[in-house]
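Participant: When you get a sec, could you build the whole thing from the sequences and use the hints?
Single-letter residue listing:
2 protein chains.
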Amino acid sequence: MSQDPLVILMPSGRRDRVPAGATLLDAARQMGVEIESICGGRLTCGKCKVQIEEGSFPKHGIVSASAHLSPASREEQALLAEMHASGCRLSCVAAVQGDVLVFVPEESRAHKQIIRKSATDRVIDVAPAVRQVYVEVEPAALGHHRGDWGRLQDALAAEWGLSDLRIDLYALQRLQAALRKGKWTVTVTLWQDREVIDVQPGYAEGVYGLAVDIGSTTVAGYLCDLRTGQLLATESAMNPQVIYGEDLMSRISYAMQHRDGLDKMHKAIIDTLNKLAAAAARSANLRASQIHEAVFVGNTTMIHLLLGIDPVELGGAPFALANRDAMDLKARDLGLRLHPAANVHVLPAEAGHVGADNVGVLIAEEPYNQDEIVLTVDVGTNAEIVLGHRQWMYSASSPTGPAFEGAQITFGMRAAPGAIERVRIDPISKQARFRVIGEERWSDAWPAGPDVPVEEQPKHLASGICGSGIIEVIAEMFLAGILLPDGRLHPDCQGALFRWNGRKGAYLLAAGHQTTTGEPIYVTQDDVRSIQLAKAALYAGAKLLMNRAGVARVDRVVMAGAFGSYIDPKYAMILGLIPDCQLDRVSAVGNAAGDGARIALLNRRKREEAQRIAEWVRYVETAVDPAFQQEFIAAIHLPHAVDAFPHLDGLLPAAAIDFQPTRTRTRRVRA
Amino acid sequence: MSQDPLVILMPSGRRDRVPAGATLLDAARQMGVEIESICGGRLTCGKCKVQIEEGSFPKHGIVSASAHLSPASREEQALLAEMHASGCRLSCVAAVQGDVLVFVPEESRAHKQIIRKSATDRVIDVAPAVRQVYVEVEPAALGHHRGDWGRLQDALAAEWGLSDLRIDLYALQRLQAALRKGKWTVTVTLWQDREVIDVQPGYAEGVYGLAVDIGSTTVAGYLCDLRTGQLLATESAMNPQVIYGEDLMSRISYAMQHRDGLDKMHKAIIDTLNKLAAAAARSANLRASQIHEAVFVGNTTMIHLLLGIDPVELGGAPFALANRDAMDLKARDLGLRLHPAANVHVLPAEAGHVGADNVGVLIAEEPYNQDEIVLTVDVGTNAEIVLGHRQWMYSASSPTGPAFEGAQITFGMRAAPGAIERVRIDPISKQARFRVIGEERWSDAWPAGPDVPVEEQPKHLASGICGSGIIEVIAEMFLAGILLPDGRLHPDCQGALFRWNGRKGAYLLAAGHQTTTGEPIYVTQDDVRSIQLAKAALYAGAKLLMNRAGVARVDRVVMAGAFGSYIDPKYAMILGLIPDCQLDRVSAVGNAAGDGARIALLNRRKREEAQRIAEWVRYVETAVDPAFQQEFIAAIHLPHAVDAFPHLDGLLPAAAIDFQPTRTRTRRVRA
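Residue numbers (the working numbering), protein chains in the order written: chain V, 10 to 680; chain L, 10 to 680.
No lab work stands behind these hints: they were computed from the structure.
Accuracy of the hints is not assured; some may be wrong.
Note: identical chains are not told apart, hence a pair may lie in one copy or across any two.
Listed next, the in silico SDA-like pairs over lysine to any residue satisfying Cα-Cα at most 25 Å (straight line) [said to hold, decoys possible]: (1) Lys190 / Pro327; (2) Lys190 / Asp269; (3) Lys190 / Gly317; (4) Lys192 / Ala326.
Facilitator: Written out as structure tokens, the structure is:
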């Protein structure tokens, strides 16, 4: 046996001969398989455990036995027993003495991956900016004047190859006590392998991060375990700035017209972020001070306000950003109460009206890695639209207004329990049935009458209509012939319409006994107009980019944002929100901006990708393009230019115009 | 005339031919003469003005005339007239057309120098870490999405060759408004050519810095103009930590024994620094928010407390520092209210007991650039001693206690108006005369009696004895034969001694009518003992280093610290504070640590020098060296081993022992 022992690593199947005496950790490294290790071979962390496969493996030409490894010491046995890891060894100490077949379990792999649950089920590599390493530091001794930080730097260089480090004052303040309490062993928390942000005595573990999508209306936070990539908690809150203005322009105006406007809005969002971080931490049994990094996305106005920068320049041409690039800064400089030395990463923007939220959508969906032409629309108070594939990409912003979020809709509300999110209208009776968030049964299956036991009553009555609900009800009204293609209520449908608030022509969606207030919920002519304007703006923006790129059709449509994964692509296309596309190639991916923030939180290389893409994508200014107005006007109708939507064939109400109203319901609303 | 025009620059006398049409600024640069320019040739700053010498200069082989330069534009003429600079031109626009002789005035030279007023009159090159540059930035325009910060970076790269810049959030928050108010011209304040810390509209000037020496007892601040190097204000304050402990060890104990001890002492010094910065700014007609950088020196305990680091490790072997190296951090992270984006630089330490203050002394005195062997002693509550020259240097710390600062002396006080700083004792009568700070006349020249007009009365009566006063009075007592060489009061001198506070043997230094309280001021046997212990510690430390270095004598002695420039080297040597040396080679340089802080503030290259020297000097631990105790005991006497002080020959009281007391004064003190 003059040959070195053979090591095979499963499940990758990689194999190589290694010098006898090498540890399994070294062997794996030699084969390009990264096994996690925090303690660096000190039998403290147990992160590097591997399963030893015993027996004869003819397929692999190998006989593997535990005797082919150095025997386990008492410490190793104790640690493995504590971890209930029978049949396992710690790869940092188990030395190869003969051929061996080893299974590296998922949790021991250094580069973990997590599956993002969404329409596209994307895999995220876990390679965060914050990590922990355990080191043994040379004790202080008389005659050595290097200082404890100098000694720690020496240890980090020798054991982990880390150099050019700086230390945050917070960590420096705790260094000496930690070294002595840990008997000259400490766990160091590093940011970007550049800055020491914490030092804890002995062996410690736990690094956490918060990804936040700051929307104009809603703020969504995702608390993650930065070691495993696991999502620990999701929290959302209203953006408190809504009291200063519903949409971006009104907030910019508020900042312009009030001396303390910027300051108030900045403090309001910081305050909300602090509460959100605390709530997310609490629901994961953590404290906000354990959040070591935060990544933010948001539209450009939200990011300006987050950073305390006056958004006034975003209110008028040429829409100049204070800063387009990604930024790293100290959370404490913003007044954020996370870990005292935590850093904050803000994703870059593309242009004055296409912000970090859209960059988040892009790194989550990666249209720039596709061969097909993908149209990505992210609908919030503004809509950002990106068209392209790996060779080129154009982006634009379209002033849809907040109608898709349920705002400026008479009975609109955000997507919360009690919001009507699904609607069907009987084309004969013109009566609607609906489903609300938080109650699985459709409204026509709700038991009625005074004798219904509490447990059979609907969990939530209807409180209003959310974004996806308003899309569906208007599309269904059109399909049922209640709306004319130009958006007017059909004159022959008066029987289905009611007088509401002194005005004629309100469509009854929910009757008083179906609502929380006891008052009916209507869809008004104004609501229809709002949605028409919004969808025309969205469609015109997409069309403008298609014209600019010289393409007549798109291969895929990805809908992100406000109505999240709840929108039914069919209804989006019936209303003409998006250009024609094969229906099964239209997907709704929910809050992809938030997903992008989470991806950037978990993978620091994605931040570099974000910066590259943000600079690369070509921004098209819709506001100054005369073609935009033309496309917009042409897109007001429902559905505008039926020819443009071959994939809607058979879905549209051919007989809508010939509709004769029935008169089954005649109840009138109080004036 | 095929030759290029000849340009001669005075006073350097450098000469070179330059292409016709080159500006004088370019010509100077080509010749290695740096002329200041903030506005970069935009006729805004006027900093680059030079004097044009007209006439024939046979010695230089040149005829110079104003026609040999391009004519001055109306703007240039206007700016020169405003500056009252007749016969001058602005070198950034005056183009060379013929031979010309130019005088570059001191204020136009880019590398200014200032003279430090001290015993050694050192020259400081002004090359601070903070500077201002004026730039024109490309206006924002539709279709350009670089962001204002991106555009500013482009301008700074193109006009000033600056790259890899970051921007402090404070500056970013002000960037957009400044650019628009300044019509796309701004003055940028840069730190270390790495970070933008402020942006002001249009042309602006004014960068200021604060150098601070944090002593255990006194905090001294020096406010400087960072462009000219000029000292604008000096402020000092008591270190408020004295209420938690007079000396270092008692403050360390306080931190150990009180849960909030560190926090209290940290807050106390920060509070005092804020007040000191505000006071210094006020007396220079500035605001503290205009202080763009601060440099700190102090002993290691003071620096730990400044940074909020528990000093407990400095209280016992092995005296480990949290950090030995220089540090840069944000002033705001320490709670300092300077410019909102100001940075703080802390000079490095040498070892656990030789701190940034000693490094300050070293870069001010530069013994490491000397050929002679220099002994540098910096006397505060601890004494730091450095011995060496350009080839080697040793440092040590010696526990002198605070006696030299006037503390632990019965009637001791700090050097303030009313403190006795000079003493002479008549060897026959044994009576003292003295001088107090703030009054030029010696006490025996003070007019007495009820009819003295107010303007002839002493400006200050005596309030106590400061450091240099206690040295002089004890040395004079010895010279007058009142003290025996072992420090005891001479038994034959009872006539000159009084009972004070129930104890015998107090020497009357000032009578009641000469003091602010109306009570006499005495020197007690305890005071003599305190000074003996302190001077023995200082001498033993110096001796230890001489032994370590294997040298029998030193060429020069530099005394820095507590008793400042006021100590008379003769008395220091009579008491045996310092080893023997030729008297005219002993100099007292005052607060050299503070000077070092000021030098590091004004010259960033000196910071690198400080870091190099701090690592290079070899620290000798006195506390654990048995030789130290021997030297200490041998040095208790006054003067110990007369043989060791050949340079005192003739100064010592040969006949002291034979002294017969006279009985001219017999007044007794109230019990």
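Participant: Against each hint, give a clear statement of whether it holds in the structure.
Facilitator: Going down the list of hints, with the structure as the test:
1. Lys190 / Pro327: between (58 Å within a copy, 16 Å between copies)
2. Lys190 / Asp269: between (48 Å within a copy, 20 Å between copies)
3. Lys190 / Gly317: between (40 Å within a copy, 19 Å between copies)
4. Lys192 / Ala326: The answer is between: 16 Å across copies meets 25 Å, while 61 Å in one copy does not.
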